[in-house]
Each structure stands twice: as C-alpha cells, then as structure tokens.
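**Student:** Spelled out from the first residue to the last, the chains are:
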Amino acid sequence: MRRENRWLVTLGTLLIVTVLIIAGRQSGFLRIIQTAVMAPLKPAAGLLTGGTEAVEKLTEDPADYADLEEKTLELERLVAEMQVEIVRLREIEQDYYRLSGILNYASENADQSFVTADVIARDTSSYLRWVIVNRGTRDGVQVGNPAISDLGLVGRVESVAANAAWIRLTNDPESAINARLQTARAEGTVVGQLQGGLRMELIPQEALVEPGDLVLTSGLGGTFPANIVIGQVTSVRRQQADLFQSAEVRPTVDYDNLRIVSIITGFEPVDLTTFDEFIEGGGEGAP
Amino acid sequence: MSLQLGLPLFIVAVLLQATVLPHLRVYGGQPDLVVLLVLAWSTLDQEQEGLAWAFVGGLLLDLFSGTPLGVSSLALLPLAYLIGLLEAQVYRASLLLPLLLTAVGATAYHVIYMLLLRFLTDYPLSWSVSFGYVTLPSVLFDVVLFIPILRLLAHWHDRLHPRQVKI
Numbered sequence: 001m002r003r004e005n006r007w008l009v010t011l012g013t014l015l016i017v018t019v020l021i022i023a024g025r026q027s028g029f030l031r032i033i034q035t036a037v038m039a040p041l042k043p044a045a046g047l048l049t050g051g052t053e054a055v056e057k058l059t060e061d062p063a064d065y066a067d068l069e070e071k072t073l074e075l076e077r078l079v080a081e082m083q084v085e086i087v088r089l090r091e092i093e094q095d096y097y098r099l100s101g102i103l104n105y106a107s108e109n110a111d112q113s114f115v116t117a118d119v120i121a122r123d124t125s126s127y128l129r130w131v132i133v134n135r136g137t138r139d140g141v142q143v144g145n146p147a148i149s150d151l152g153l154v155g156r157v158e159s160v161a162a163n164a165a166w167i168r169l170t171n172d173p174e175s176a177i178n179a180r181l182q183t184a185r186a187e188g189t190v191v192g193q194l195q196g197g198l199r200m201e202l203i204p205q206e207a208l209v210e211p212g213d214l215v216l217t218s219g220l221g222g223t224f225p226a227n228i229v230i231g232q233v234t235s236v237r238r239q240q241a242d243l244f245q246s247a248e249v250r251p252t253v254d255y256d257n258l259r260i261v262s263i264i265t266g267f268e269p270v271d272l273t274t275f276d277e278f279i280e281g282g283g284e285g286a287p
Numbered sequence: 288m289s290l291q292l293g294l295p296l297f298i299v300a301v302l303l304q305a306t307v308l309p310h311l312r313v314y315g316g317q318p319d320l321v322v323l324l325v326l327a328w329s330t331l332d333q334e335q336e337g338l339a340w341a342f343v344g345g346l347l348l349d350l351f352s353g354t355p356l357g358v359s360s361l362a363l364l365p366l367a368y369l370i371g372l373l374e375a376q377v378y379r380a381s382l383l384l385p386l387l388l389t390a391v392g393a394t395a396y397h398v399i400y401m402l403l404l405r406f407l408t409d410y411p412l413s414w415s416v417s418f419g420y421v422t423l424p425s426v427l428f429d430v431v432l433f434i435p436i437l438r439l440l441a442h443w444h445d446r447l448h449p450r451q452v453k454i
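Going line by line, the protein sequences match chains U and E. Per my numbering, the first sequence starts with residue 1, numbered consecutively. Per my numbering, the second sequence starts with residue 288, numbered consecutively.
Hint data in this document are derived by calculation from the structure and do not stem from the laboratory. Don't take each hint at face value.
[Claimed, not checked] Partial list, computed: chain E residues near chain U (C-beta under 10 Å):
1. 314
2. 345
3. 357
4. 381
5. 425
From the three backbone atoms N, C-alpha and C, an ideal C-beta is built for every residue, glycine too.
The whole structure should be built from the sequences, with the hints applied where relevant.
**Tutor:** Written out as structure tokens, the structure is:
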C-alpha cells in the first residue's frame, strides 16, 4: 500500500474513533476513564498550580512596593468582604420589613452543607472559562452544585469524577444565571463574556438601573440559591426601541486568581426535565 | 517518538497548559503547547506518528477542559495529516517556512476548534470577538515558540531516527 493511502487509512480510523468518543460522552464508561486518568495527574496539577503561584509571588515588585501592594490587596479584600456583609445585612433587613418575619437568609440556608476544594487546573481551551477542583463524587459533589467563594458566586459544577470536578465559571460565555438587582429589584439574566466580564440582559425597560447597583442570584429556575452576590453594575445600556435594557456587570470574584472554592453540596437544583418532556410531548397531559 | 518518551512529554505539556500557561495570557490567548508539539513532530516525522500524537494530545487536552472528549483530537488530526504529507527537509532549509506553517496551522486549528465547538456543542461564540481576543494572541504566541520547540524536537528526532546516506 502506498504511503499516502496508509496515512489516509490511519486518519480515517482515528477520526472514526474520535467521533465515537464524542458521541459516547454521556456514557459512564468515559467517566471511569476520566477518573482513572485524573487520579495520577491531580497531584501533579496541584503542585504545578502551587508552584506557579509561588513563583508569581517571588517575581512581584520590590519589597517595599510589595508590602504596600499586600496592604492594598488586604484592604481591597476587606472592603469586598464588608460589601458582601452589607449586602447580606441589607437583604436580611429588607426581608424583615417586606416579608414580615419570613425566614431570613441564614435560617433558609442552615441545612446547606459545603465542601471546600482547591483549584488545581484551568481549562486548556482559551475559549472556555472552566476550572478543575480536587473534590469529586467521593466528597459528595454532584453535577449542578453551585460553587461560591468568600466574595460571591463562582459557578456551577458541570461534570464530576470520583476525585475531581469541572466547574463552569459565571463568566463562561455559555453561563446564564437568573439574577436580580438589589436596589432596582428588577430581574434579568447574567451571561458570561469571553473577555472575562458579565452582562445582565433582559432587564425590564421600566426598571431604574444605576451603576453601583449590586447583582444577586434570584433563585428563579432553581439552579442557584437566592441572594448570592454576583457583581456590581458598571454601566447601563438602555434604548427606547428595545424591549429590554442591559447592564455591564463587574464580577466580585477575581476568576484569574481563584484558589479555593466552596461547593454547596446540600443544594439540590430543581429538576426541570419534566417541563422538557412536556414540551417535547406537545403539551399533552397539562395540569 | 516512542511511547515511553512521547507520553510523558505530552502529559507535561498538557499539565503546563492547564496550570502555568493560563497565567501568561495576553488578552484571552495563551501558547498552545500541545498543538505546537503535534505540528513540530508532524513536520519532522515522515511516518504516521504525528497522527497518533494528534489523537493522544487532543484527548489529553480535553481531559482538562469543559469540551466533550475528542473535540481537540478532531481539530488536530486533519492538521497533522496535511503537514505530514509535506517534505520535512524543506523546513530545515528555511526559517520563514516553519513560521508561515505555524501561523497557518495554528490558525486552522483554532478555526476548526471553534467550528466544532459551535456546531457540536452549540457553544455561543462570537466569531469576531473570539478571533481578535483569543485566536490572534494565541497564534502569535505559537509563532514565537515554534522554532525553539522544532529545534528541540529535531535534535530528539535525529537521535531517534538517524538520517541514512547512500554511499
């Protein structure tokens, strides 16, 4: 057989195998392979991530600048933490006045359990905004679990192996989160941007949105708990001809420097497949 | 490239791509280390090894990604095939040709990858933003890094497959 023909046969075989692997991505067999391969690679990835961070710290500015920078970062972190705390307190206050003593956020979430995980790797594709953490089904992590940090919402677990989980960050272009504005009390959808930011879309035209307004999860749809901070409005785009207005949102979480996340394992997302089946079935058997 | 040498090399490359290289991002682009290794080995080797490493490297890349397993392999395989058909000696003679080859090869990889993402997974990519923000910086990184990687692998390749001369 000629060399070009042999190459074509090899190419064809490998392409068929690859297509079969992609087609079988939902099967449990691939999950077993992923778990087996990730087991030895996980410590190496963790070490490399830790090493990179250590080198980054070493190569920062000279000592006095480093001190100042450290203090500034510490203050920024404190301000961000206080902002989150203020938001939480405002929410409790508003709940108290508006809902006349219906359960506040803390009591609503008292039954939630958390698993803390280290970020061990980032997505190898520059088009996706995912991270991989060192906790999996063995630690109780499930697909759909929300991930948060001390500064706000990080993302959602989209895939999980026995010893690792893949989290889609909120700034991934495919991420869409039901959200509401704290002051304007309007709802919309926060979508990720490839450039790293967020945009809140589908905000009703009549809502008075101002830069600085905080964006929180609304809890609608059941995919995330309500009242987790997502970000802050930086600019508003409103045109009379449009049905909705949109706003650019600066995330409170620094996705590039994520090291530790908390995964809410006690939260069970609402199963919406019933509605999908209902729609696919042409709406038969509607209540 | 033997399995004992190639597999650790590709594993290290993927680990670097998932841990160290994201910290070097310019805009949204970073060096595509695995793509560069596949391009370089396909350029040097006249056997079908480039195809095999495109398949393995792609699977390893997708293991550390949110994309379905196999998408990167599917984007790398045609590239490795086409480059493998070309004569390796041409690249030894000129410096410009490998650079041109990398620019075209890496751009083709990104375009195929984006097409697969869009049509296989319905991923909401904006073509203009993706090209300007991710593809272009990544390709520039790749062009800069290709020659050192090619030189390194050429040295390795010559040791593994000494050139035979008829007397």
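**Student:** The structure should be examined with respect to each hint, and the outcome stated for every one.
**Tutor:** To see whether the hints hold, each was checked on the structure:
no., hint, in the structure
1, 314, "8 Å, holds"
2, 345, "7 Å, holds"
3, 357, "4 Å, holds"
4, 381, "24 Å, violated"
5, 425, "6 Å, holds"
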